[in-house]
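Chains X and F are the protein sequences, given in the same order. Okay, so the first sequence: first residue is 1 according to the numbering used here, each after it adds one. Okay, so the second sequence: first residue is 1 according to the numbering used here, each after it adds one.
I should point out that these hints are in silico values taken from the structure, not numbers from a laboratory. Check before you lean on any hint, since a few could be wrong.
Stated by the list, open to error - If you only want the chain X side, here are some residues facing chain F, beta carbon under 10 Å, derived:
no., residue
1, G93
2, R108
3, G181
4, M211
5, Y215
What the hints assert, rightly or not - Below, in silico cross-link-like pairs of lysine to aspartate or glutamate (EDC-like), each with a Cα-Cα straight-line distance of 16 Å or less:
no., chain 1, residue 1, chain 2, residue 2
6, X, K143, F, D117
7, X, K142, X, D116
8, X, K94, X, E106
9, X, K71, X, D228
10, X, K71, X, D239
11, X, K94, X, D107
12, F, K90, F, D27
13, X, K194, X, E209
14, X, K229, X, E106
15, F, K26, X, E84
16, X, K143, X, D132
17, F, K26, X, D158
18, F, K26, X, E201
19, F, K90, F, D65
20, X, K110, F, D65
21, F, K26, X, E163
22, F, K26, X, E106
23, X, K110, X, D222
24, X, K229, X, E53
25, X, K77, X, E36
26, X, K128, X, E201
27, X, K110, F, D117
28, X, K221, X, D55
29, F, K41, F, E191
30, F, K66, F, E152
31, X, K221, X, E106
32, F, K26, X, D107
33, X, K229, X, D132
34, X, K142, F, E152
35, X, K94, X, E36
36, X, K143, X, D159
37, X, K110, F, E191
38, X, K245, X, E63
Everything numeric in this text was worked out from a predicted model, so none of it was measured. Each residue gets a CB set at the ideal place from its N, CA and C atoms; glycine is no exception.
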Amino acid sequence: MKKSFKIISVVLALVLVIGCFAACQKDDKTKEPQKEVLVMATNAEFPPYEYREGDAVTGIDAEIAQLIADKLGMELKIEDVAFESIIPGVQSGKYDFGMAGMTVTEDRLKDVIFSDSYATGVQVVIIKEDSDIASLDDVAGKKIGVQTNTTGDIYATDDYGEENIVRYENGAVAVQALLNGKVDCVVIDNEPAKSYVAANEGLKILETEYMVEDYAICFAKDNTELKDKVNTALNELIDDGSVQKIIDKYIKA
Amino acid sequence: MIPYLMSISAAFAELADDLRFVFIEKDRYQQIITGFFNTLKITAGALLVGVIIGIFIAAVRTSFDKNKESMKLRGGPGYVLLGILNAVCKVYLTVIRGTPVVVQLMIAYFVIFAASDNGVLVGIFAFGINSGAYVAEIFRAGIMSVENGQFEAGRSLGFSYLQTMRYIIVPQMFKAVLPTLCNEFIALLKETSVAGYVGVIDLTKAGNVIAGRTFNYFIPLFAVAIIYLCMVMLLSWGVSRLERRLRKSDR
Numbered sequence: 001m002k003k004s005f006k007i008i009s010v011v012l013a014l015v016l017v018i019g020c021f022a023a024c025q026k027d028d029k030t031k032e033p034q035k036e037v038l039v040m041a042t043n044a045e046f047p048p049y050e051y052r053e054g055d056a057v058t059g060i061d062a063e064i065a066q067l068i069a070d071k072l073g074m075e076l077k078i079e080d081v082a083f084e085s086i087i088p089g090v091q092s093g094k095y096d097f098g099m100a101g102m103t104v105t106e107d108r109l110k111d112v113i114f115s116d117s118y119a120t121g122v123q124v125v126i127i128k129e130d131s132d133i134a135s136l137d138d139v140a141g142k143k144i145g146v147q148t149n150t151t152g153d154i155y156a157t158d159d160y161g162e163e164n165i166v167r168y169e170n171g172a173v174a175v176q177a178l179l180n181g182k183v184d185c186v187v188i189d190n191e192p193a194k195s196y197v198a199a200n201e202g203l204k205i206l207e208t209e210y211m212v213e214d215y216a217i218c219f220a221k222d223n224t225e226l227k228d229k230v231n232t233a234l235n236e237l238i239d240d241g242s243v244q245k246i247i248d249k250y251i252k253a
Numbered sequence: 001m002i003p004y005l006m007s008i009s010a011a012f013a014e015l016a017d018d019l020r021f022v023f024i025e026k027d028r029y030q031q032i033i034t035g036f037f038n039t040l041k042i043t044a045g046a047l048l049v050g051v052i053i054g055i056f057i058a059a060v061r062t063s064f065d066k067n068k069e070s071m072k073l074r075g076g077p078g079y080v081l082l083g084i085l086n087a088v089c090k091v092y093l094t095v096i097r098g099t100p101v102v103v104q105l106m107i108a109y110f111v112i113f114a115a116s117d118n119g120v121l122v123g124i125f126a127f128g129i130n131s132g133a134y135v136a137e138i139f140r141a142g143i144m145s146v147e148n149g150q151f152e153a154g155r156s157l158g159f160s161y162l163q164t165m166r167y168i169i170v171p172q173m174f175k176a177v178l179p180t181l182c183n184e185f186i187a188l189l190k191e192t193s194v195a196g197y198v199g200v201i202d203l204t205k206a207g208n209v210i211a212g213r214t215f216n217y218f219i220p221l222f223a224v225a226i227i228y229l230c231m232v233m234l235l236s237w238g239v240s241r242l243e244r245r246l247r248k249s250d251r
């Protein structure tokens, strides 16, 4: 009997102490002013701009966004969604902005507004080492593998015609098709292209770049206020070299 | 009343505008047409391949099940041969029904036909092989569901095993399996929507490509859904007509 009293009193004491701690924490939270949340939409399947490391989204875009949020005194929250859902989500106000290695295009400008450009993406052509494609002119009339709905897909379709484009679900599958000889070349972003060429023997990147594009952050059309704030912060970060530092960290020349 | 009508007409004008932008601009509707015909080609081809494979496998499996006792008694190479064929068919059924069709399609495209760049043909092959497994089991179920007395009657009238099959069992079986077979065809038609994985522009992929270009998901996806629906309705209408014709002899 005595023993059980002891145990019960210890348990009760513990409950009291824990309860006190919990209460203290609550107090702390209310004291500190709540930071406003800035929701960013991205598609974390595009290394090195954004990808998942463990459970968190990281990459060039994620780090730049974090710096911008710090400058604005806001808390950054990253939502990882399908690339196609970014623009509709930003339009509807579900996300404050979209940042996903997104190129400024005419079509996109119909639906959203863009910040200043913070990085440039380069579209290149991967070919087999023994390919007879020596320059961009030779690509005409050849079968071109692309990743569905990427800018590489859109520009190559416009330049070389629908009938020459073979669309795959992702870059790796397109490169596999190139290796099998199902397509003659693959148009894709420079950074993933480098990893694919490094990983597979007998491939090389065509020396002339196919296209240079500007990556920017997109906002809903009526959200010029946030766009201006972000632009100011972004330009400060570009001027003091922080943006370049992040890019250099991920992309080794 | 009038403001209502105006807002409705405004909504229609907007929809017409969207439709024009999504389908007419840059001739994007042509994607849908290409996709429609590719889906049709793959489905029709796979149907044919599937039915041929299905008939063959169902024949092997039921012949073995129905005749193994008598063949075993008689001995000879026939029993062994049919036994081996039966085992091969069983392995085929297990493997094909046990793996997803997308994976089979990718294997066909990147491994088996690595040298072919004709995605539609590879699609016909892959979906046909896949569908064959299901059709085989449907036919087998149909044959097994015909009473054994029908068999015995046929044989006692002097028909051979094959003649009994051809004139007595299969006509009854076909009528019985038609609804299930129609089910399989519908499933096959919709399954071809993963053909986009191997670079084929099928109906689904076409909708996806247009949506990706226009950032309008509502219109292209609904258009694609409606086209699929029409195809399935047409298919089931045809099958139900066939069913009615076959049932005429019932009375």
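Hints and how they fare:
1. Residue-level restraint check for G93 of chain X is violated (minimum Cβ-Cβ distance to chain F is 16 Å; threshold 10 Å).
2. Hint on R108 of chain X holds. Least Cβ distance to chain F is approximately 7 Å, under the 10 Å limit.
3. Interface hint at G181 of chain X: satisfied, since its Cβ lies 7 Å from the closest Cβ of chain F, which is below the 10 Å cut-off.
4. With its C-beta approaching chain F no nearer than about 17 Å, M211 of chain X sits outside the 10 Å limit, and its interface hint is violated.
5. At about 18 Å, the closest approach between the beta carbon of Y215 of chain X and any beta carbon in chain F exceeds 10 Å, and the interface hint on this residue is violated.
6. Annotation: proposed proximity of K143 of chain X to D117 of chain F holds, straight-line Cα distance about 10 Å (limit 16 Å).
7. Among the hinted pairs, K142 of chain X with D116 of chain X is inconsistent with the structure: their alpha-carbon atoms are about 36 Å apart, more than 16 Å.
8. Between K94 of chain X and E106 of chain X the alpha-carbon distance is near 23 Å, which puts this suggested pair outside the 16 Å criterion.
9. The hinted pair formed by K71 of chain X and D228 of chain X meets the criterion: a straight-line CA distance of about 13 Å does not exceed 16 Å.
10. Between the alpha carbons of K71 of chain X and D239 of chain X the distance comes to roughly 14 Å, so the proposed pair stays at or under 16 Å and holds.
11. Straight-line distance between C-alpha atoms of K94 of chain X and D107 of chain X comes to about 21 Å, which puts the hinted pair past the 16 Å bound.
12. Distance check on the hinted pair: K90 of chain F and D27 of chain F sit about 49 Å apart at the alpha-carbon level, beyond 16 Å; violated.
13. With a CA separation close to 13 Å, the supplied pair K194 of chain X and E209 of chain X stays within the 16 Å bound.
14. In summary, the hint linking K229 of chain X to E106 of chain X is not supported, as the alpha carbons are separated by about 23 Å, beyond the 16 Å threshold.
15. As the CA atoms of K26 of chain F and E84 of chain X are separated by approximately 20 Å, the hinted pair breaks the 16 Å bound.
16. Between K143 of chain X and D132 of chain X, the direct Cα distance comes to roughly 13 Å. Compliance with the 16 Å bound is thereby established for this hinted pair.
17. For the given pair, K26 of chain F sits about 10 Å from D158 of chain X by alpha-carbon distance, which is consistent with the 16 Å threshold.
18. Among the hinted pairs, K26 of chain F with E201 of chain X is inconsistent with the structure: their alpha-carbon atoms are about 39 Å apart, more than 16 Å.
19. Between K90 of chain F and D65 of chain F the CA atoms are separated by roughly 12 Å; this keeps the pair inside 16 Å, and the hint holds.
20. Of the supplied pair hints, the one linking K110 of chain X and D65 of chain F is violated, its CA atoms being roughly 66 Å apart against a limit of 16 Å.
21. For the given pair, K26 of chain F sits about 14 Å from E163 of chain X by alpha-carbon distance, which is consistent with the 16 Å threshold.
22. This hinted pair checks out: K26 of chain F and E106 of chain X have alpha carbons roughly 14 Å apart, not beyond 16 Å.
23. Taking the CA atoms of K110 of chain X and D222 of chain X, the gap is about 12 Å. The hint holds against a cut of 16 Å.
24. The hinted pair formed by K229 of chain X and E53 of chain X fails the criterion: a straight-line CA distance of about 29 Å is larger than 16 Å.
25. For the hint linking K77 of chain X to E36 of chain X, the alpha-carbon distance of about 10 Å falls within 16 Å, and the restraint holds.
26. Note on K128 of chain X and E201 of chain X: the hinted pairing holds, with a Cα-Cα distance of about 9 Å set against a maximum of 16 Å.
27. Taking the CA atoms of K110 of chain X and D117 of chain F, the gap is near 37 Å; set against the 16 Å cutoff, the hint is violated.
28. For the hint pairing K221 of chain X with D55 of chain X, the CA-to-CA distance comes to about 32 Å; that exceeds 16 Å, so the pair is violated.
29. Of the pairs offered as hints, the one joining K41 of chain F and E191 of chain F holds, with about 13 Å between alpha carbons and a cut-off of 16 Å not exceeded.
30. Only pairs whose Cα atoms come within 16 Å are accepted, and K66 of chain F paired with E152 of chain F is accepted, the gap being roughly 11 Å.
31. Annotation: proposed proximity of K221 of chain X to E106 of chain X holds, straight-line Cα distance about 14 Å (limit 16 Å).
32. Taking the CA atoms of K26 of chain F and D107 of chain X, the gap is about 12 Å. The hint holds against a cut of 16 Å.
33. Proposed proximity of K229 of chain X and D132 of chain X is contradicted: the alpha carbons are some 50 Å apart, above 16 Å.
34. Distance hint between K142 of chain X and E152 of chain F is unfulfilled; the C-alpha atoms sit about 64 Å from each other, more than 16 Å.
35. With a C-alpha separation of about 15 Å, the suggested pairing of K94 of chain X with E36 of chain X holds against the 16 Å cut-off.
36. This hinted pair checks out: K143 of chain X and D159 of chain X have alpha carbons roughly 13 Å apart, not beyond 16 Å.
37. Simply put, K110 of chain X and E191 of chain F have alpha-carbon atoms about 35 Å apart, too far for the 16 Å limit, and the pair is violated.
38. As the CA atoms of K245 of chain X and E63 of chain X are separated by approximately 11 Å, the hinted pair is consistent with the 16 Å bound.
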